[in-house]
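**Student:** Letter by letter, the chains look like this.
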Amino acid sequence: MTSSTLIFVVLFLALFSYWYGIQRSIKVAGGATQVKKLVSLPRQFGLLTAMWCGLPALIFLLVWTFFESTVIEALLVQSLSVEVQQLDQSALGLYLNDVRLLSDSSAEVLQKADPDKVFAAEKLLEINRDAAWLKSGLVLILCLSCVAFIISRFAVDFRARVYLEKIIMRVLLACSIIAILTTVGIVMSVLFESIQFFSSVPPWEFLFGLEWSPQMALRADQVGSSGAFGAVPLFAGTILITIIAMCMAVPVGLMTAIYLSQYASERLRSYAKPMLEVLAGIPTVVYGFFAALTVAPFIRDTGEALGLSVASESALAAGLVMGVMIIPFVSSLSDDAINAVPTALKEGSLGMGATQSETIKQVLLPAALPGIVGAFLLAVSRAVGETMIVVMAAGMAANLTANPLDSVTTVTVQIVKLLTGDQEFNTPKTLAAFALGLMLFVTTLALNVAALKVVRKYREQYD
Amino acid sequence: MSDSTQKVINSLKKRHRKEKVFRAAGATAIGFGFLLVFLLITDIITKATPAFKQNWIAIEVDFQPDLLGIDGLDLTRLPKGDYRTVLRSAIFEMMPEVSGRRDKRSLFGLISSSAEFEIRNHLVANPADLGKKVTVWVKVDDDVDSYLKDDVVVGEPGIRISEKQATWIKKWVDSELIESRWNSEFFSLGDSREPESAGVKGALTGTFYTMLVTLVLSFPLGVAAALYLEEFAPKNRWTDFIEVNINNLAAVPSIVFGLLGLAVIINIFGLPRSTPLVGGIVLTLMTLPTIIIASRASIKAVPPSIREAAMGLGASRMQVAFSHVLPLAMPGIITGTIIGMAQALGETAPLLMIGMVAFIVDVPGGITDPATVMPVQIYLWADSPERAFVAKTSAAILVLLGFLLIMNSFAAFMRKKFEKRW
Amino acid sequence: MSDLSITEALTSDDIVIEGTVGTTTAEDAKMSMRNVNVFYGDKQAIKNVSLDLARNQVTALIGPSGCGKSTFLRCLNRMNDTIPICRVEGELKLEEQDIYAKKLDPVLLRARVGMVFQKPNPFPKSIYDNVAYGPRIHGLAANRAELDEIVVSSLQKAGLFGEVKDRLDAPGTGLSGGQQQRLCIARTIAVSPEVILMDEPASALDPIATAVIEELIDELKEKYTIAIVTHSMQQAARVSQATAYFHMGHLVEMGKTEQIFTNPTHELTENYITGRFG
Chain G
1 MTSSTLIFVV LFLALFSYWY GIQRSIKVAG GATQVKKLVS LPRQFGLLTA MWCGLPALIF
61 LLVWTFFEST VIEALLVQSL SVEVQQLDQS ALGLYLNDVR LLSDSSAEVL QKADPDKVFA
121 AEKLLEINRD AAWLKSGLVL ILCLSCVAFI ISRFAVDFRA RVYLEKIIMR VLLACSIIAI
181 LTTVGIVMSV LFESIQFFSS VPPWEFLFGL EWSPQMALRA DQVGSSGAFG AVPLFAGTIL
241 ITIIAMCMAV PVGLMTAIYL SQYASERLRS YAKPMLEVLA GIPTVVYGFF AALTVAPFIR
301 DTGEALGLSV ASESALAAGL VMGVMIIPFV SSLSDDAINA VPTALKEGSL GMGATQSETI
361 KQVLLPAALP GIVGAFLLAV SRAVGETMIV VMAAGMAANL TANPLDSVTT VTVQIVKLLT
421 GDQEFNTPKT LAAFALGLML FVTTLALNVA ALKVVRKYRE QYD
Chain S
1 MSDSTQKVIN SLKKRHRKEK VFRAAGATAI GFGFLLVFLL ITDIITKATP AFKQNWIAIE
61 VDFQPDLLGI DGLDLTRLPK GDYRTVLRSA IFEMMPEVSG RRDKRSLFGL ISSSAEFEIR
121 NHLVANPADL GKKVTVWVKV DDDVDSYLKD DVVVGEPGIR ISEKQATWIK KWVDSELIES
181 RWNSEFFSLG DSREPESAGV KGALTGTFYT MLVTLVLSFP LGVAAALYLE EFAPKNRWTD
241 FIEVNINNLA AVPSIVFGLL GLAVIINIFG LPRSTPLVGG IVLTLMTLPT IIIASRASIK
301 AVPPSIREAA MGLGASRMQV AFSHVLPLAM PGIITGTIIG MAQALGETAP LLMIGMVAFI
361 VDVPGGITDP ATVMPVQIYL WADSPERAFV AKTSAAILVL LGFLLIMNSF AAFMRKKFEK
421 RW
Chain P
1 MSDLSITEAL TSDDIVIEGT VGTTTAEDAK MSMRNVNVFY GDKQAIKNVS LDLARNQVTA
61 LIGPSGCGKS TFLRCLNRMN DTIPICRVEG ELKLEEQDIY AKKLDPVLLR ARVGMVFQKP
121 NPFPKSIYDN VAYGPRIHGL AANRAELDEI VVSSLQKAGL FGEVKDRLDA PGTGLSGGQQ
181 QRLCIARTIA VSPEVILMDE PASALDPIAT AVIEELIDEL KEKYTIAIVT HSMQQAARVS
241 QATAYFHMGH LVEMGKTEQI FTNPTHELTE NYITGRFG
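Going down the list, the protein sequences come from chains G, S and P. Using UniProt numbering, you'd call the opening residue of the first sequence number 1 and step up by one each time. Using UniProt numbering, you'd call the opening residue of the second sequence number 1 and step up by one each time. Using UniProt numbering, you'd call the opening residue of the third sequence number 1 and step up by one each time.
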């Protein structure tokens, strides 16, 4: 049985157990009229039985699915010839890939293939078949034995509700732990691959090297096989585009927030809020398309008309469009910060005869500054981590330049470039992507933590 | 009038001017926002319009069995005929003035490469036409299509039509052989390298499966986590740690989730690459914080009096949570989920990492089939050099924006309808 | 004073308010208001109130919560302009100048009619910058020395200078409540207003700080015309020369403070000052 069929079978069994648990509890009580004798409701008995039937089996199935392919691979390799077992990692991967393809192929293909591999493919099918049987058998046994166990404990004074609630509580707790598991998963995945990467490329070269050309030769003995992994041009490119984006987003976003909260009529606000929501809701890939096909050519043509040489994938185009994307973000966070300033301060200033703008500039904004700084940091973090706009509108070549009209590349662009279309793993090239990912994660995390700290301090000030 | 009053009066003019400038700056910022939305939308709509039309050409096809290379009696062999030759001879017959190998090739290039399948499908559907001469409508090549739709002249950059080809096309147009039709195939075909045969059905189906996985996983997980944190979790450092984690995850760049998917879900757990299953899991991890945060806010908004009332009637905390708090918090939770799903629907970067960027022609049939999703399809098409793909991309964007608009309006509607119920 | 519904039950049914009792006009009026009506949307908050603020006197506006005394005060320097739904009708004059005239600049008006609020609201700036704020925006000081002089003299007038002279750079928010309120008064004085409006300036302060403020108000009346809203009758009796009693948007009675407190004419006023409600 496939996993999905098995899941349905387990769910069906659980449903059945629910009914069965109810029947058993009634029987334990001594008939439908005696149900009141039970400490818990029959429904609770039923639910408990269903939980015992379904949960262990599903957890088992989950664990099995996650480890199935690794275990099967190990078993397969063990059953193969010594030469195969001694292949290095990537060669073995390729070999196994062939075997996997063969195991899916028709008889015609099999006739032409390498007999060793055909043998392996047959072996694989065999292991798969056995594994499927084993899995189905174990799951069903687990279901039935768990149900049998819990039913055996049924009694009049069996506190089904308490046990049921305990189980539910565990399930809820497990769900909330997923957030932690995700974080751990992210840290582990980028950290391990990065450590592997840094064993072949020294960290200082990665952090301070000025040249980035990750194109590796396919075979180790070819000339120039080492590639260059100096990430400074990427950092510089990311910073350049981020600065451009901030130059766009901060003034516009902040002024929008100020105008909406201090000047705008209710009517204008009712139009402007949805407008900002639209800007915020547009997928980044759409912004990327807009940047690459509309803004970049426009900037290039304008630049050429002015006699400037502009790259067709200029940092300016990507940065400006990224700025547009971030406007609503900056504006909504600044709006929160400005609104958190007590009205008393505003009235105090106005009451002394300050004009609206004097009040805003000299009282409201300084008072809201921590909140606005927090917003700024979060916006920077967004810009640094933004991928699609730069992938589509910024360049691929790692130029170390501060000229916004030139083409630069960013950390996220390189991650995408290194990891798409490339099936092999564990080469310095793909590992470099994880090292970049680590940098990205650490940077954005630091920015977020700093921003939250600033904002929290600010909240305390006025609470 | 006192001295200081005079000073204030002296300062007034300048200050009011500054006030006006400041106010104008604010108004400009908002105006700029409106302008941008307007530009973006009109730009995309203008670019997308051509994609909803497709030019077809009428060709007199002579279904000769010997030309087809099939036995006229055995109808089962119909699909295996040599339709390419039939098509070629039909086209050359239509344009007798074209001679020479190069010219003939460039003439043949004006017809979509899908044309031979179209005439095959025609014959398979109408076996009675075998041996007859019939008019069959086939698509023109995308270069011709763009040339006809866009108001351009030969020689402009991006126009891949020669002078000679242009005269042939003009002849077709003049003799009314060309017809522009509603491009329903855009919604019924999968991806293709040929713009005229590329549609969004594959991507839409992939999106559907991916969203399905995301919803099925993220909704229960998110609600359960929120319920635990809000109703049951003891206030200790462990709970704080979970909270900090959730808040930080909400701000982690999406591409990092892609790295997680690649390194853990694909490489360690060995789930199949490029599939909605993996895509859905990655998007679940990405949207969970959004859903949890929104659900917690909604649960928190349920007044304690309701909990106290239910507890006073002897319900356990669990019963209170599930039968009183949760139903009351549901509208807010659903709103949060929709917003999270809308986020996931527009997400591209993490899916590139897990291989959903592969070129896939077939419409996926399940969550473990290789698939792509709308945003990735947009990315792929935007990267294609053919002029016609610009229109296709914009049209796909419109479809995507349409879905997002529906989801967000629904969320806004829910929020409005259920806000301040107590 | 907290329970308005009891107030209404006690008074509105059996006692009719017909116009204002007592003397509402002053011989030397700094500000004079006639037939003022204020609306919040459909709700009328001030009903046909007329009164004068006498020059270099303290006029106390008293009355139960929600009687409209604060609203009335805020009309005098057009602070109600910041509330979109608020509408003011009637004739309000600052020395013959209609303060609601179209061509009148509220900025100038507020420079001449300063305001001190209920809760001390120093700006999140240094003590010096708090006081210098007004002179700076209005361009009252030509140079730093002049500004220093204004700041020092304002702090002196507010009786705060001695306490803060060696920490003028410290944030104003770090002062105690009473000091903060005196800082706010210093800030208002620094603009050299002609009238100072005080909206329950001591209600958030402890008795000692309140006493200091009251003493200060008494000194300030030498140079400024002051209107003070308070719901402490003792305070009104101590600091003011004239008292106006507001009730549910009406000005019920106005007159010399001694007369109001010793021999009130109107029954409502009597009820209020004898503590029967409010």
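You may find that some hints are simply not true.
No more than 16 Å apart at the CA atoms, straight line, and that leaves these computed lysine to aspartate or glutamate pairs for EDC-like [to be verified]:
#	chain 1	residue 1	chain 2	residue 2
1	S	Lys14	P	Asp105
2	G	Lys453	S	Asp240
3	G	Lys117	G	Asp130
4	S	Lys13	P	Glu91
A short list of chain P residues far from chain S (calculated; beta carbon distances all over 12 Å) [as the list claims (entries may be wrong)]:
#	residue
5	Ile17
6	Ser32
7	Gln44
8	Asn56
9	Pro84
10	Val88
11	Asp105
12	Gln118
13	His138
14	Leu140
15	Gly174
16	Val191
17	Glu194
18	Glu219
19	Thr262
20	Glu270
If you're looking for bench data, these hints aren't it; they were derived computationally from the structure. Glycine included, every Cβ here is placed at the ideal spot set by N, Cα and C.
**Student:** Beyond 12 Å on every Cβ pair: is that true for Val88 (chain P) relative to chain S?
**Tutor:** holds (22 Å)
**Student:** Going straight from one Cα to the other, do Lys13 (chain S) and Glu91 (chain P) come out at no more than 16 Å?
**Tutor:** Violated, at roughly 27 Å.
**Student:** Given the hinted pair Lys453 (chain G) and Asp240 (chain S), is their alpha-carbon gap at most 16 Å?
**Tutor:** Answer holds: Lys453 (chain G) to Asp240 (chain S) is near 15 Å, not above 16 Å.
**Student:** Beyond 12 Å on every Cβ pair: is that true for Ser32 (chain P) relative to chain S?
**Tutor:** Ser32 (chain P) clear of chain S: closest Cβ-Cβ about 18 Å, beyond 12 Å.
**Student:** Could you let me know if the closest chain S CB is still more than 12 Å away from the CB of Pro84 (chain P)?
**Tutor:** holds (16 Å)
**Student:** May I ask you to check that Asp105 (chain P) keeps its beta-carbon over 12 Å from the closest beta-carbon of chain S?
**Tutor:** violated (6 Å)
**Student:** Does Asp130 (chain G) sit within 16 Å of Lys117 (chain G), going by the straight-line distance between their CA atoms?
**Tutor:** violated (20 Å)
**Student:** Hey, does Glu219 (chain P) actually stay past 12 Å from chain S on C-beta?
**Tutor:** holds (19 Å)
**Student:** Run the C-beta distances from Ile17 (chain P) to all of chain S and say if the shortest one exceeds 12 Å.
**Tutor:** holds (37 Å)
**Student:** At 12 Å, judged by beta carbons, does Val191 (chain P) keep clear of chain S as stated?
**Tutor:** violated (7 Å)
**Student:** Hey, does Gln44 (chain P) actually stay past 12 Å from chain S on C-beta?
**Tutor:** Nearest chain S Cβ is 28 Å from Gln44 (chain P), so the label holds.
**Student:** Is it the case that Thr262 (chain P) keeps its Cβ farther than 12 Å from each residue Cβ in chain S?
**Tutor:** holds (37 Å)
Violated hints, listed in ascending order, are 3, 4, 11, 13, 14, 16 and 17; each of the other numbered hints is respected by the structure.
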